[in-house]
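Trainee: Letter by letter, the chains look like this.
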Amino acid sequence: GAGVSQTPSNKVTEKGKYVELRCDPISGHTALYWYRQSLGQGPEFLIYFQGTGAADDSGLPNDRFFAVRPEGSVSTLKIQRTERGDSAVYLCASSWDGSTEAFFGQGTRLTVV
Amino acid sequence: GQQLNQSPQSMFIQEGEDVSMNCTSSSIFNTWLWYKQDPGEGPVLLIALYKAGELTSNGRLTAQFGITRKDSFLNISASIPSDVGIYFCAGGGGATNKLIFGTGTLLAVQP
Numbered sequence: 001g002a003g004v005s006q007t008p009s010n011k012v013t014e015k016g017k018y019v020e021l022r023c024d025p026i027s028g029h030t031a032l033y034w035y036r037q038s039l040g041q042g043p044e045f046l047i048y049f050q051g052t053g054a055a056d057d058s059g060l061p062n063d064r065f066f067a068v069r070p071e072g073s074v075s076t077l078k079i080q081r082t083e084r085g086d087s088a089v090y091l092c093a094s095s096w097d098g099s100t101e102a103f104f105g106q107g108t109r110l111t112v113v
Numbered sequence: 114g115q116q117l118n119q120s121p122q123s124m125f126i127q128e129g130e131d132v133s134m135n136c137t138s139s140s141i142f143n144t145w146l147w148y149k150q151d152p153g154e155g156p157v158l159l160i161a162l163y164k165a166g167e168l169t170s171n172g173r174l175t176a177q178f179g180i181t182r183k184d185s186f187l188n189i190s191a192s193i194p195s196d197v198g199i200y201f202c203a204g205g206g207g208a209t210n211k212l213i214f215g216t217g218t219l220l221a222v223q224p
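Which chain is which? The protein sequence lines are L and H, in order.
Numbering follows this note's numbering, in which position 43 of the first sequence is assigned residue number 43; successive positions increment by one, without gaps.
Each position in the second sequence, counted from 1, maps to that position plus 113 in this note's numbering.
One chain only, chain L, in its complex shape:
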């Protein structure tokens, strides 16, 4: 597609449940990023993929968070045993190899009740 696509756009889940958030990057972009944005804050880095491998996962808050990109294109962010504090907008971005210019999707708003 023309831009970064994220699904679903909204997700409401109960505390303790497992969720998966999907990101379709811009075609040809080898770099993919996940960020988390809380209300009134700027996006915060979670994880960076170069191709299929996670080159930097230093932003993942704990071991309940995991992300994969098995074929170097689509990525899935997985959150286990969700907590109310996980509620936020999860943003995905992609860029050309070696470029800092990241293009963002519209985000998935996750609400844990």
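Please keep in mind that the hints were generated in silico from the structure rather than gathered at the bench.
Beta carbons: idealized from backbone N, C-alpha and C, even for Gly.
There are no misleading hints in this set.
Partial list, derived from the structure: chain H residues whose beta carbon lies under 10 Å from chain L:
id	residue
1	Q115
2	L117
3	Q119
4	E154
5	Y163
6	F201
7	G206
8	G207
9	T209
10	L212
11	F214
12	T216
So the derived list for chain L, only partly shown, Cβ under 10 Å to chain H, looks like this:
id	residue
13	V4
14	Q6
15	Y35
16	G42
17	Q50
18	D56
19	C92
20	A93
21	S95
22	E101
23	F103
24	F104
25	G105
26	G107
27	R109
Assemble the complex: chain L is given as a structure, and chain H must be docked to it using the hints.
Mentor: Coordinates of chain H only, in the frame set by chain L:
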């Protein structure tokens, strides 16, 4: 997580006025980016800066990469109602190209 200091936090101006906002960091960055975010949308890239001292324009927008590499500013000239939104600076250019974002500046433009 780390966030850059961005000021002002919010601005309420009349259409046609010029606007200036800035971003400071305790760390050096190799790249400074400016994004605009509308409600319910992801950030949209406005301007990218790659060299200390660089001044770059994109239409009515002008941004500068500070000479110390620890700051950047964004100017918007002759504001219009569609300039309304939240503006974020972001520093990057490290080994993994991850971005550190500022706290955001909310801009409101009254027609």
